[in-house]
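Asker: What follows is each chain in one-letter form.
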Amino acid sequence: MSWLIWRLHRTQLYIAAALLAALTVLLLVTGLQMASQYHSALAACGASHSCGTLGSTLFLGSHAVGFLVIMTLGVPAVLGLFWGAPLVAAELETGTGQFAWMQSVTRKRWLAVTAGWMLLAAAAWGGAVSALVTWWSGPDNALQLDQFKPGRFDIMGIVPVGYALFAMALGLCAGALLRRTLPAMAVTLAGFIAVRAVVTLWLRPHYMSAITVTYKLLSPFSPTGSYWQFGQGVRNPAGQLIPAPNGAAIDGVPLGFLPASCATTVGRVLRPPASCRQVLAGFHGFITYQPASRYWAFQGIEFGIFAALAALLIGVTAVVLLRRDV
Amino acid sequence: MIAVQAVPEVATAIRTSGLSKRYRRVYALSDCTITVPEGRISALIGPNGAGKTTLLRLLAGLTQPTTGEMTVNGGIPRQDPAFLASIGFLAQEIPLYRRLSAEDHIRAGAHLNPCWDGESVRERLTTLTIPLDRAVGTLSGGQRSQVALALTLAKRPRLLLLDEPVAALDPLARRNFLAILADAVAAGGLTVVLSSHLVADLERVCDHIIMLAASRVQLCGDIDTVLAEHQILVGRRKDTSAIERDHRVVQITRTPRQVTMLVRLNGPVIDPAFQTSDVGLEELVLAYMGQDAPSALAQLTSIGDDQ
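Chains as they are written, first to last, in this note's numbering: chain S, 1247 to 1572; chain P, 38 to 344.
Treat the hints as calculated values from the structure; they're not laboratory data. Please note that a few of the clues may not be correct.
Taking CB as the label site, the calculated pair distances span [unchecked claim]:
hint : chain 1 : residue 1 : chain 2 : residue 2 : range
1    : S       : Ala1267   : P       : Ser177    : 38 to 46 Å
2    : S       : Gln1283   : P       : His148    : 47 to 55 Å
3    : S       : Ala1358   : P       : Glu156    : 29 to 37 Å
4    : P       : Arg62     : S       : Gln1258   : 38 to 46 Å
5    : P       : Glu140    : S       : Gln1258   : 19 to 27 Å
6    : S       : Trp1542   : P       : Leu169    : 48 to 56 Å
Where chain S lies over chain P, by a calculated footprint (3+ residues, C-beta under 8 Å) [what the hints assert, rightly or not]:
hint : region
7    : 120–126
8    : 138–149
All residues carry an ideal CB built from backbone N, CA and C; glycine is no exception.
Produce the entire structure from the sequences given, and follow the hints as far as they go.
Answerer: Have a look at this one:
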């Protein structure tokens, strides 16, 4: 059984291996460059005590490679589309399934072995690409602290493995249900994008309830590490939300919400008197976010969701293939 | 003491009872009850759309029946390695992986079957000068058929179900293939059900017939028995009601001078007004197929009446 699967899919396997090798070389070379660029910048700013602004002044690597790395978002979809969808669909569409299924191997075993290898391949490729991207993004993430943000979260850690398993299972299931390759590919792509969007936009923020920290405006607070921020703002002493400043402001509070004395300027620079500071002390800032410490918990939950969906889809495929006429 | 010797029962390869298959609202096969004894080569004959492929797919376990029961090789068609190993099925569309070579298929078969005679496939294809190492998609239709047939035989099944296997073969290849089939059956342990439109070919090797028309079984039995049950009656008399009462008239053709009937006998014909003669297989098959097209028959009949 495994021999036939190897023989049927080895060309795709070679192509996928070649693409992965090319990506590995590219990311290894640029990744090492970025790491040394980061470390020398760190040494330089350490000498001049200006490391605080490094995140906004230093750009690592090139835009082209950075774009390519973001494009790895599509790797699971490609696996499901070109590997998963045609697998069962082509057997049914061209009738070759009647060769495979009339040998002395039950369809159950055929599906178990086929789906097993395909899911393994999907996990391997998804995991390899994710591992490369995670390593490559190390210095950049230390600089930008953005690994928890949507778009970055999705290409690092273990979630890409979950997406790859899901996309592959979706492809297999769509193929078994639709029995034709092109429609199965279309449904796989649409289904993958839809589920990913729903989970990212509506489910992921609620895996754990977000933390809201309220702080005095005069002693500002900022969460540490790569946190995921949902909202931030300022309330006046009456508890009303102050709109974001659109012009002159002190500590994020527009002048219009402060006593006129605050607008005192010396030369062209605002120099609010002490009375103004007292008023400001009544203002509170707040920030709503998921702390950086939850990163791996979120990765685990999201991986679990997609792995469970993949298992469900494989179950549906089995029922369709074993119960219905083939 | 009298030793009671059990009468050796002729084993049946296929036995179905009331087998039906409905696709949405159309019955592809209704109330199909047939028996095929072991060791026969059975011709599955019928017009296009009569349900031949559906019957073969049901027997192979690729399709689930809507109603009815069947026993194939002593068991119910099911997803079980032992059952699958006992069945060889070759679909009409010659299911082979187009990018794989014949050799790849032979090796796949070796991995997928408990008893596999890959060497016989290599020998046969070499004899037929069919390349083993070229992708089967690049072979001609006839060569592909030969590859698929050889692969189906290599599985050494007890029951071989072939859906129009010789359609793509030239007359010589057809004759060779049927000879191989006859040899394999003669060697024992093999039953074949073979669908085809080429009655002359079937007549040469088959000793059993299953005739389907309009999704129903018209005939099922040994060809000799079936032929003996039918007769052609030719007479001058226009009144055929007595015959129609006693026997089943399959086909009737009237001309101003005479009436020709193909009847399924219910006992001997003792009407001196009619001359009887034996019927050939092709004639019989055409008569039963003609039933399927009553409008054409009615037209013929009315032309006869007018004159």
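Asker: Going through the numbered hints above, which ones does this structure break? Give me the numbers in ascending order.
Answerer: Hint check: nothing fails, all pass.
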